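Add chain B to chain A, keeping to what the hints say.
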Amino acid sequence: MMQANEPLPRLSVLHIFKVYYPDLFGGTLSVIRDICAELKETFSAAILVCSRSDGDGEIVVDDVKVERVHSFGDVLSLPAAPSYPLRLWRRIAEHDLLALHAPFPLADLVFALGFGRNRPLVVHWHADIVSHARLRRWVEPLIRGTLRRAQAIIVSDHVLIDKTPLLQEFADKCCVVPFGVDVDKYAEPLRHRAEVSHDRGRLVLACGRLVPYKGFDVLIRAAVNRDIEVWIVGEGRERARLEELCRELCVEDRVRLLGAVPDGELAKLMCMADVFVLPSVTNAETFGLVQLEAMAAARPIINTRLDTAVPHVARHGIEALTVPPGDHARLGKAIDILLADPERRKRMGEAARRRAIIKYSTYVFRSGIEMAYRQAIAAKTAPRPASSPPAASAGLPGAIRIAAALAWSDMRHRYVRSILGPFWMSIQMAIMVGVLGSVIGHLSNEGTAARLPMLALSLTAWTFLSNVVLDATTALQNSASLIKDRALPPITFLLQCLIRQGLFALHNACVPLLLWLVLTPMDVEGAVAALPGLALFIVCTLGLSIVLGAIATRFRDLKPIIESTLTLAFLSSPIIWTPEMINHGASITRFNPLTHLFAVWRDPLATGEVATTSLVYVLVCVAVLALGSIVTALHLRKAAFWI
Amino acid sequence: MASISLSNVCLDYPLYGAYDFSLKRRLLGRLIRQPSGTQTIRAVDDVSIAAKAGDRIGLTGPNGSGKSTLLRLIAGVYPPTSGRVTIAGSIMPLLGLNAGANLDFVAADNIGLLLRISGRKPTPAIVDEIWAFTELEERMRHLPLRMFSSGMLMRVLFATATAFPADILLLDEWLSVVDENFSAKAEQRLLKLVQLAAIVIIASHDQGLLRRTCTRIVNLDHGRVVTMTGVGAEPEPAPQPRLQEMRA
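Going down the list, the sequences are from chains A and B. Just so we're aligned: the first sequence equals residues 0 to 642 in numbering that gives the first Met the number 0. Just so we're aligned: the second sequence equals residues 0 to 247 in numbering that gives the first Met the number 0.
Bound conformation, chain A alone (with noise of 0.2 Å):
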């Protein structure tokens, strides 16, 4: 009895965005301390961020553990963090639920890159990417394939669904949750206010970050010629410009500039304010969180008619004045308007405080976005139906896990009805490595015994390769009912090649492990360097199958000439002979790849070296057969016409 009183442990949540506290202040930053403080009742929150500061690591920011990866700087508005990605991918696991504040499309690579998948995501949607239209192109497939894995889409207000083409192929996922502001805080300024009332009728207060889509520097050409004083709270990068404005328009006695302010004394300047304005030029403003905090001080409000929410919140005519973004004229005549008459400021003042308690209470957004929260936990635990697990065949990885059963099931077919199976392979081989080795021993005087291991093992690679190749040739041919009836990609019978041979190579790699041990001494070191040069072998198999599968499929004589030429490259390789053997300089083994191919992992496992020709002209050919593979990806879809 006693556990079902106590209380559930809190959920974790991880917010994910570019950026926090200390290093910037602004509307998503407030949002999200908001939301960390509002819902820490019942979950426990933790920040992941970037910093430029030095100070790579964690800090507390209002009790709530910020954890910040340095970054070197912003490149198109984004923060050039290369370990943001891993780090998230590390924290991911540690919590319940992931919140990503959106725009912020290094996270989105992530979850793109499949991370995360079985953790439930809430995206806060705070803006579209409105600068670099160019960039946005790129990054547009991210974006959506981060909202297609949410579990739910958070946005402030409903306008920005209907005027979001991204966010309308995602309605159905999509609530709405308006931000809430702490109207108690204003309560008592405002009856101080009321006591003191150095009303002047002249103050015009706008805040927010000097960026450019903040709009101030039309406010600031709206005090020309006009007796108001303009006090702008705020601090970014166009401070420079818009003090060389205010000199330049000779109003620089009538505009302060007056840099970032604390909570307290900003809640103190707004109660001091007559008129505040905000004129946002463009989408970029979703909501205008700044305008909500003027409203729960009882100001009469000026905004711009934007396509977000911003003219939605303070309603024109109610509780603001709506211009168009832009227009410093416009502006200016709402603020002589709305200077000239004291009553009608009073009257949009008390009309904005109510529609901030009644419609942007703290208590409304609390229970939204926990209620969100909430479900998204519960859609993503949630016991599928047990007759239907997911068919796990989508794309690549599908696609090779096929091949992997399909290949895996080749290999033990071969053991259905013999006990050793592919060992009868293995023992042909064992006998042709003696029979050879000992007809080399009377060509070369050097001793046989010590060239068996590396003769047996080039056997063993040549025949991978060359089986790889040939089994590719035939391979789509020979699943033509299961491309064609079961729809499965034809790519992955390419991929069964590659698998099955291998399995085959590692029962013929017995034969030279077993020569090594026992006749040569052990040189783990060289084995070790040769297993990157045995990948790029692997490698340069699985585009040379791909290229010459495809299109041995669409032309059935290129077979036999496949066939002839492998021959032909066995006696001209040095698989049996080495390039010792012969005249060094001789171009036919310059010249041939698989001279190279072969001494990227032969030449470290005998001497613990490898020659830089070899190398680069293997990255070479890996090059020219992943181009290859790509072009031949591409077109495989149509080998269910040759098959």
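Bear in mind the hints are in silico, worked out from the structure with no lab data behind them. This one's a predicted model, so the numbers in the text were calculated from it and none came from an experiment. Be a bit skeptical, because a hint or two may be false.
For lysine-lysine, the following DSSO-like pairs were computed, each having C-alpha atoms within a straight-line distance of at most 27 Å [as the list claims (entries may be wrong)]:
hint	chain 1	residue 1	chain 2	residue 2
1	B	Lys23	A	Lys637
2	A	Lys358	A	Lys172
3	A	Lys162	A	Lys172
4	A	Lys483	B	Lys51
5	B	Lys51	A	Lys358
6	B	Lys120	A	Lys379
7	B	Lys23	A	Lys558
8	B	Lys120	B	Lys191
9	A	Lys358	A	Lys162
10	A	Lys172	B	Lys51
11	B	Lys184	A	Lys39
12	B	Lys51	B	Lys191
13	A	Lys379	B	Lys51
14	A	Lys64	A	Lys39
15	A	Lys358	A	Lys267
16	B	Lys184	B	Lys120
Relative to the frame of chain A, chain B by itself:
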């Protein structure tokens, strides 16, 4: 949510003769400037079909009218030559049952392999369930498929292929399972599968079957949609307006 949308889809099926598979001949043909265009046949001609969850579409038409090709096109086997195909949801094509079966393997292994091919993990419980459906003796489970009679083989393959429901079910002809005792059970299972799937497309000559199971019947001829009629509703006297609407 499962949905299929084909808009103005055409498919030119290349007809490769024996010579068209020869690279040598092709190169030679180019050398002596012999025109070497591969012949194509328009197997699907300007077809527009939109299906949403709950739709059961029957494809009918004479042999060679493009029913199977259209199914394969939806399944993603053939790429469309022109037009747009948009599919949402997982597709289960039941076009041929014995694809992927290996007669040398014992029945249980084959069931496992076939499940893996359709992207599912064969747990013992699932394999048990499938085996129970076949109503075959327990000891046969460990015999190679080679020893099965054709009817028994069909039971195993059918039970495996239809073990899981899918969003979109594509059927080429109603899968007929020979055995008298079994066919009733198989039909029941298929009906259940059809019920569970969001969208079902069946190609068949059997008009009665299509009328019983489908909500819409598409009549194809030479790759073209001749008529598209709703079942249950009045057979539409003038199919043309409806067709236009579908194409829009």
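Hint check:
1. Lys23/B - Lys637/A: holds (21 Å)
2. Lys358/A - Lys172/A: holds (22 Å)
3. Lys162/A - Lys172/A: holds (16 Å)
4. Lys483/A - Lys51/B: holds (25 Å)
5. Lys51/B - Lys358/A: violated (39 Å)
6. Lys120/B - Lys379/A: Holds. Lys120/B to Lys379/A sits at ~21 Å (cutoff 27 Å).
7. Lys23/B - Lys558/A: Given that 27 Å is the threshold and the Cα spacing comes to 12 Å, the pair holds.
8. Lys120/B - Lys191/B: holds (22 Å)
9. Lys358/A - Lys162/A: The given pair, whose Cα atoms are some 22 Å apart, holds under the 27 Å limit.
10. Lys172/A - Lys51/B: Measuring from Cα to Cα gives roughly 19 Å; hence the hint holds.
11. Lys184/B - Lys39/A: violated (57 Å)
12. Lys51/B - Lys191/B: Distance ~19 Å between Lys51/B and Lys191/B Cα, so the pair holds.
13. Lys379/A - Lys51/B: holds (25 Å)
14. Lys64/A - Lys39/A: Distance ~12 Å between Lys64/A and Lys39/A Cα, so the pair holds.
15. Lys358/A - Lys267/A: holds (23 Å)
16. Lys184/B - Lys120/B: Roughly 25 Å between the alpha carbons, so the hint for Lys184/B and Lys120/B holds.
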